[in-house]
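Trainee: Since the structure of chain V is already known, use the hints to place chains E, D, A, X and U with the ligands on it.
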Amino acid sequence: MKLFRIFAGLAPALAIAAFIGFAAPTPVSAEDQPAAAAPAAAAPAAAPAATPAPAAAAPAAAASPPACSSTVLKECTPNSGDTAWMLTSMALVLMMTVPGLGLFYGGMVRKKNVGDTVMTSFAITCLVTVLFAVVTYSLAFTSGSSFIGGLSRVFLQGILSDISKGIGNPNSLAPTIPETVYMCFQMTFAIITPALIAGAFAERMKFSAMLWFIGLWAICVYAPVAHWVWGPDGIFSAANTDDKGNFVGWVKVLDFAGGTVVHINAGVAGLVSCLVLGARKDTGPAHNMVLTFIGASLLWVGWFGFNAGSAVSAGMQAGMAMTVTQIATAVAGLTWMFVEWAHRGKPTVIGIASGAVAGLVAITPASGFVGPIGSMVIGVACGVGCYLGATALKHALGYDDALDCFGVHAVGGMIGALLTGVFAINEYGGTPGLIEGNPGQFVNQVIGVVTVIVYDAIVSFVILKVIDVVVGLRVTEEVERDGLDLALHGEIVQ
Amino acid sequence: MKLFRIFAGLAPALAIAAFIGFAAPTPVSAEDQPAAAAPAAAAPAAAPAATPAPAAAAPAAAASPPACSSTVLKECTPNSGDTAWMLTSMALVLMMTVPGLGLFYGGMVRKKNVGDTVMTSFAITCLVTVLFAVVTYSLAFTSGSSFIGGLSRVFLQGILSDISKGIGNPNSLAPTIPETVYMCFQMTFAIITPALIAGAFAERMKFSAMLWFIGLWAICVYAPVAHWVWGPDGIFSAANTDDKGNFVGWVKVLDFAGGTVVHINAGVAGLVSCLVLGARKDTGPAHNMVLTFIGASLLWVGWFGFNAGSAVSAGMQAGMAMTVTQIATAVAGLTWMFVEWAHRGKPTVIGIASGAVAGLVAITPASGFVGPIGSMVIGVACGVGCYLGATALKHALGYDDALDCFGVHAVGGMIGALLTGVFAINEYGGTPGLIEGNPGQFVNQVIGVVTVIVYDAIVSFVILKVIDVVVGLRVTEEVERDGLDLALHGEIVQ
Amino acid sequence: MKLFRIFAGLAPALAIAAFIGFAAPTPVSAEDQPAAAAPAAAAPAAAPAATPAPAAAAPAAAASPPACSSTVLKECTPNSGDTAWMLTSMALVLMMTVPGLGLFYGGMVRKKNVGDTVMTSFAITCLVTVLFAVVTYSLAFTSGSSFIGGLSRVFLQGILSDISKGIGNPNSLAPTIPETVYMCFQMTFAIITPALIAGAFAERMKFSAMLWFIGLWAICVYAPVAHWVWGPDGIFSAANTDDKGNFVGWVKVLDFAGGTVVHINAGVAGLVSCLVLGARKDTGPAHNMVLTFIGASLLWVGWFGFNAGSAVSAGMQAGMAMTVTQIATAVAGLTWMFVEWAHRGKPTVIGIASGAVAGLVAITPASGFVGPIGSMVIGVACGVGCYLGATALKHALGYDDALDCFGVHAVGGMIGALLTGVFAINEYGGTPGLIEGNPGQFVNQVIGVVTVIVYDAIVSFVILKVIDVVVGLRVTEEVERDGLDLALHGEIVQ
Amino acid sequence: MKIVMAIIKPFKLEEVRDALTSIGVHGLTVTEVKGYGRQKGHTEIYRGAEYAVSFLPKLKIEVAVAASMVDQVIDAITAAARTGQIGDGKIFVYALESAVRIRTGEKDADAL
Amino acid sequence: MKIVMAIIKPFKLEEVRDALTSIGVHGLTVTEVKGYGRQKGHTEIYRGAEYAVSFLPKLKIEVAVAASMVDQVIDAITAAARTGQIGDGKIFVYALESAVRIRTGEKDADAL
Amino acid sequence: MKIVMAIIKPFKLEEVRDALTSIGVHGLTVTEVKGYGRQKGHTEIYRGAEYAVSFLPKLKIEVAVAASMVDQVIDAITAAARTGQIGDGKIFVYALESAVRIRTGEKDADAL
Ligand SMILES: Nc1ncnc2c1ncn2[C@@H]1O[C@H](COP(=O)(O)OP(=O)(O)O)[C@@H](O)[C@H]1O
Ligand SMILES: Nc1ncnc2c1ncn2[C@@H]1O[C@H](COP(=O)(O)OP(=O)(O)O)[C@@H](O)[C@H]1O
Ligand SMILES: Nc1ncnc2c1ncn2[C@@H]1O[C@H](COP(=O)(O)OP(=O)(O)O)[C@@H](O)[C@H]1O
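Protein chains in written order, with our numbering: chain V, 1 to 494; chain E, 1 to 494; chain D, 1 to 494; chain A, 1 to 112; chain X, 1 to 112; chain U, 1 to 112.
None of these hints come from the bench; they were simulated from the model. Positions of the beta carbon are idealized from the N, C-alpha and C atoms, including for glycine. Please note: incorrect hints may appear among the correct ones.
Stated by the list, open to error - Derived list of chain A stretches under chain U, where covered just means 3 residues or more per stretch with a C-beta under 8 Å from a C-beta of chain U:
no.	region
1	35-44
2	77-87
Unchecked claim - Derived DSS-like pairs: lysine-lysine, alpha-carbon spacing no greater than 25 Å straight-line:
no.	chain 1	residue 1	chain 2	residue 2
3	V	K346	V	K111
4	D	K346	E	K281
5	U	K40	D	K111
6	D	K111	X	K34
7	V	K112	X	K40
8	V	K111	X	K34
9	V	K112	V	K281
10	V	K111	E	K111
11	X	K107	U	K34
12	U	K34	V	K112
13	D	K281	A	K34
14	V	K111	X	K40
15	E	K465	E	K281
16	D	K111	V	K112
17	X	K34	E	K111
18	A	K40	U	K107
19	V	K111	V	K281
20	X	K34	A	K107
21	E	K111	D	K346
Claimed, not checked - Far from chain U, by Cβ distances over 10 Å, these chain X residues were calculated:
no.	residue
22	A19
23	S22
24	R38
25	A52
26	A66
27	V70
28	D71
29	D75
30	A79
One chain only, chain V, in its complex shape (with noise of 0.2 Å):
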């Protein structure tokens, strides 16, 4: 089958890359050099108001109520401007998938579909913004294993009345908010990373199939990856450290917005899912690129809120991380705009919107942690590397993922993900990479990242043919034809 084949394909390259983690001396590393900043301020997400160091939010809430600090936690009140920055952010990372991704999807597929591309992705936001509410939240955040996160805010209980108790956001990563806004923060990007999928099965499968992948998926792939890079006691979680603060988990890898939990985890569920369904019958270029132009552009506009908002302060962290992203993503923009123009004679809006994605994408994993110059580096490297994703890769692969989610989101986080353990600068984020003598970093970067891909290919499909057995992925050859918004939806763009 052409699964096998393809991950036959990949597989040299996972196996050095796994080699070179795992018989690393010692993968730990990474983290005893910048012993003091680092625990929390390498924290992906992190706080920088929690430590001495370039000192963020921390004024701003200072004064009678004591300040928050990871150590006195239970003190510790929500901090208007931060909180007013993460409510924000909230709102910004919701735009990025309604409309922002719905649009971006929207304007690629035939006219025929895109009826059922923007309500792939409202659906999924109804479908897990409920899921992440009853036990995505509890199962990722709160502390159980390394594995997986406990039960204990199932349903949200205790959210609040903890508060109200007078003790502050029990979640270290962002002590200076209400947990609640934490929450919804982290909600919408547990809302994105499955919409991102629905690119590589566009217009083909079955939408009750589709409720039910993604449903599940939240569920197994995305909880526990969360929780491995995020949740305080995750295996790969920079919070998980013991009273002193040293780091007890197993490889601290730097995550900074989700270039692995989101990124990469969304693409390589993507590819898996579009070698289990098969190519599409037909296919033909974007039917609206003004529609992709607005979707990517809210997208670019929505993301200040995954990425500054992933400082989950409103300080100079959230200011760097600002600044790279908008370098990086103009920075691929024009590098996929240029490449397209050398090969095929002429820069296109496709083009041009596809490569600020993939440099919104590359830099995600590295926006808390590396500056201008390496925000730069990032750019030209996934401009090149996701106009060849989804181009050369998927011709010479022969695997029919239909918007490049694979291409763009898997080719662009790992990008992202190892550029991450060669950029980041000490002072910027609290963790030097390669470029600064460390190694270690690096190779923390590979072994996340092979971690994750493994786990997310085998669980996806594990899903993916239970459900073909139970209700069908695909629609007819007929419904698949006459396009899937009159067929399914009932409903047609006039």
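Mentor: Structure of chains E, D, A, X and U with the ligands alone, referenced to chain V:
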């Protein structure tokens, strides 16, 4: 006439509701219970910072200049975090009307009327902005009588100089932000409310008549109703207290972000207007559900400004409002989708989008008072209720509410307003509801809803009849047939 | 040549204006008056927090770490509330260009050119981002000479490390936020300005020539003009003071958010470019006013970041800027609509949207300085003025400003810049205008406007001529006829 | 056999279809067209400028029928499509030499 | 000369064009049309209400050919456009009196 | 009576209409069509892949005229629509048996 037939149909329900309300032993009993916390915290659009209880925004504004509180208001200076969030909220709520609502509605009309429909939203935004600055803000939000405010802020006079003299925002509902920001925020509510009405009379009202109707309605209906519920001395306003903090209005109605003031108010005026105007000659399915998708999505995103912004501060209450808004919306979207799927065999884009909007509507009055579980119940209730409102009810009674302004906004608003009285949790918003053993609050809600319906219906009817005589309400049959875009505006989508 | 004919036509007006300016006894007299308050508060994009006067953001940043003020800048740390608002503002202003401006313009061209039009906005966003980070920020916003800044921030070097060494934002215009955030915010202004120019040469310029023109213009025109007005030592910049706070530049020009730097600058460059390029072969009405509606709406929403964000803090001044922005926009939208209704018999979507944008343009320079009444006058003035600019003026002089870049942005910008000198209120922004008995400020405004027009026109003309010789400015007749989308980009809206 | 081609006002389509069905014609093909004739067009406005649009939206209906039915068809269309105002449209009739039903290969009368 | 006008299902266009090219017909004109016939339409849903849409999207193909080629053309189209299901469409043939190539002014057979 | 059907390049519409008006033809019907012929199509690009689009946008003009006017009409159209480049289009003429003006019921020559 059909108008009377329908109100006759609603009469028994209203009668019963009114009976419950007026017959209740002590309808004002609600605020007797949570003595200390209620006065401030239960205020619609309340400022938690003002109370010692679950204090939210307070700390950031601490230190040298005295913290903002209702007792030391004159010394109070703006809190930058709260102000940041409220500036953002105003932008978000404006985005709900333009482009949000314009697109939501525009996608559902026929293509020949899409220009008129989006222009209606835009023109209302302009018109109401001017009226609000000139007179409505003063009438609604300054002290006057219990029924209508005063004229002290006509033309916004003195809105800044008070502050420059060293006194804070004189509006006790928003002690930590500049009065200009509070005014702008409230302005966006005054804009969207009449814009919602336009869904009822779409595709057949003269553009000039629309301007007259909306202008008069904004002054004659919106201003007093807003004053009743949110004015410093309104009959239903929790802020209407004596020096000791005892409520001195008629009955205290909980309406966090506008279930009664905005949605029931708009929905009832919509019903009256489509009854007076009569049905369209021809109808058809939505011409472009992609526009509706964009509109619904931006309504959703913007609604965080609406609901979480109604906390008028960036703290705990805003966080919980955000949480329950997100959950209720998602649940209602799924509910409508599944109900329609079961009923008509297909899940539709318009359906899930309508359900989400219904959820946003219904959670609006409740958002500062209920918790996650309450929001789920509200989501299911309004998902089913508004589906029936837009289908069974409309067909049974035979009015032509073109885009279901009544079926979604009035029905959803009523469900939300009444269930607020049921699911309010003292710990979250300072007032207990029926499930915490306070039936009086439910009765209060009924009284509030009925009063607004009756006043609104009568005044809207009178305004419409006068306009019909003076300028004529409806376009000619030929204009309606060929489309309003070309005939009224000389423009057409190509 | 037409170019000369038109400038000849404008010459008398310019001459008179210049005469008033240069002949005025003491053009610099304006700042003599409100001695204490002016230096900081009158600064374009000023930081009210820095003055003891109508103090805005100060309190939140109070307490243990020393409050931010221009005198203790080195000790200053970011204020989380101000930072939250500025992060948000940057996202809002980015949204103005993509997708806002792209759609506003895209809806007005013919369908065959919509792709090229939206791509122009997107590509300019990418291109200017890179140029700004590499060189423009440094040239515009660091100290150098009165005419152009220095090279100390080339490639953004040192933008974070200064802070990590314990010193705050070295830019005295934004003392309470990280320099990265200030840089990002200013970047979005540098992006939208050249993107506006594209309205003038739409539907006929080569895409490659456009990239060259915009790139060179961004460095050769935007950077110096921004430095003059907003640079720490620019000739017109209120921040250009000696140690005692005395203004030491040439004349102090009020330009709160960019009437001169952004709108006049873009409008004049647009006029020059459409004169050099020549008229389109064929024209027609807007192909899709729904896109224009979305674009205008998002411009409006985003403009709050533009104007209220230019307070660089979340306090009183931002609130008043928001207020007057909203009012002027609404008034101008209605004004244009009614004028067109009277003139052509019908109110149009494009009309009210254009009017609103004209209002936004005109209030831009004034937004931190005038009050509600002033904003209403400005709204009426620009509603009428820009309507004439886009109709009578254009037809009289015969240039083909495709989407009225000059008629709306330059005309609106001039009306706003001059009326700022008339309606500035000392109490609001720290500088009195003509109506408060300070004619000198009006004269200053005239000098600023004329200087920018002359410099901009000359340099833009030279750049365009050079490009025309080297790569050619205009597409072939056949490409123009068949549409730029297919010929230049290989894409088409289906 | 004949082809009857009618240009009608768009909002008359359903009535014309019903009229044809009621006389036993169960197949037709409809095309969106723009018509130019005596009926004057409309004006589009763009920023205070007027663009005269002289072509009006119309529908073209094509019906293949047996020669014997032509008059009936013409009468049915005329009756259903008439509003009495300028621009109601035209009916054109021309000879059809042969017809084939693609699905079955049936010919001529059987194919209609 | 004849004009062969075929109403076909939209997704068959490429196959029909290829079939025609393979028999030496290198010019044709395609129009998007809506067809009404035995094939039943579909239903659109709008807020729980159903709207029956009886017109289905079809393509009309017009090919001008020499009279001698008509049968070949009919066979080619029939073979390429057939799915065997209701709604495959029709082919109509009518006489073409003259043809002109605008570019050159060539007439009739030379113009095709 | 005849029907003159012309396939032209879209941007030539106004010129052709003016040419016809100037010889006294005041009615015509226009359809957007896609043409396939010698003129080669264009290429659309989507993410580095090229899609050849062989159908080009054209306009079809149908004019019903008295037989005596056919040559004049052909000349007018030919002159107005010619650019001299491949793809200028074709003119086809076929017999029109009868015409009816729906509004008045007028027949044939009177109906045009
Ligand atoms: N000579 C003609 N050839 C082809 N179509 C025509 C001709 N004259 C009129 N038409 C079509 O008939 C339509 C109606 O014609 P018009 O002259 O406006 O009114 P009426 O049908 O009342 O005579 C036109 O819009 C055009 O589509
Ligand atoms: N009498 C007719 N005149 C013109 N077009 C017709 C006629 N009958 C059918 N058509 C066209 O042929 C298409 C297919 O016809 P239909 O009856 O649905 O199936 P079939 O082609 O299998 O007979 C219709 O959609 C319509 O466009
Ligand atoms: N045999 C034909 N039957 C019908 N239409 C044709 C035929 N040949 C050409 N056409 C139409 O004429 C148009 C122009 O033809 P083409 O061969 O490209 O150039 P030219 O008009 O210069 O010969 C085509 O796009 C097509 O619409």
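Trainee: Please work out if K281 of chain D and K34 of chain A have their alpha carbons no farther apart than 25 Å.
Mentor: With a Cα-Cα distance of about 24 Å, the restraint between K281 of chain D and K34 of chain A holds, given a limit of 25 Å.
Trainee: Hey, K111 of chain V versus K281 of chain V, does the alpha-carbon distance stay inside 25 Å?
Mentor: Distance of about 15 Å is within 25 Å: holds.
Trainee: Count the residues of the region 77-87 of chain A whose CB lies closer than 8 Å to any CB of chain U, then report whether that count reaches three.
Mentor: Holds: 9 residues of the region 77-87 of chain A have a Cβ under 8 Å from chain U.
Trainee: Holds or violated: K107 of chain X with K34 of chain U, Cα cutoff 25 Å?
Mentor: The given pair, whose Cα atoms are some 22 Å apart, holds under the 25 Å limit.
Trainee: Does A19 of chain X really sit off the interface, with its C-beta more than 10 Å from all C-beta atoms of chain U?
Mentor: 13 Å, holds
Trainee: Assess, step by step, whether the Cα of K111 of chain D is no farther than 25 Å from the Cα of K112 of chain V, and give holds or violated.
Mentor: 20 Å, holds
Trainee: Between the alpha carbons of K34 of chain X and K111 of chain E, is the straight-line distance 25 Å or under?
Mentor: 18 Å, holds
Trainee: Confirm or reject: A66 of chain X is not an interface residue toward chain U, with every Cβ-Cβ distance exceeding 10 Å.
Mentor: 13 Å, holds
Trainee: Taking a Cβ-to-Cβ distance below 8 Å as contact, does the region 35-44 of chain A have at least three residues touching chain U?
Mentor: holds (count 4)
Trainee: Hint check: K112 of chain V vs K40 of chain X, CA-CA at most 25 Å. Holds or violated?
Mentor: 19 Å, holds
Trainee: Take the C-alpha atoms of K465 of chain E and K281 of chain E, compute the straight-line distance between them, and say whether it is at most 25 Å.
Mentor: 21 Å, holds
Trainee: CA of K346 of chain V to CA of K111 of chain V, is that 25 Å or under?
Mentor: The hint holds at about 23 Å.
When held up to the earlier numbered hints, the structure conflicts with none and fits them all.
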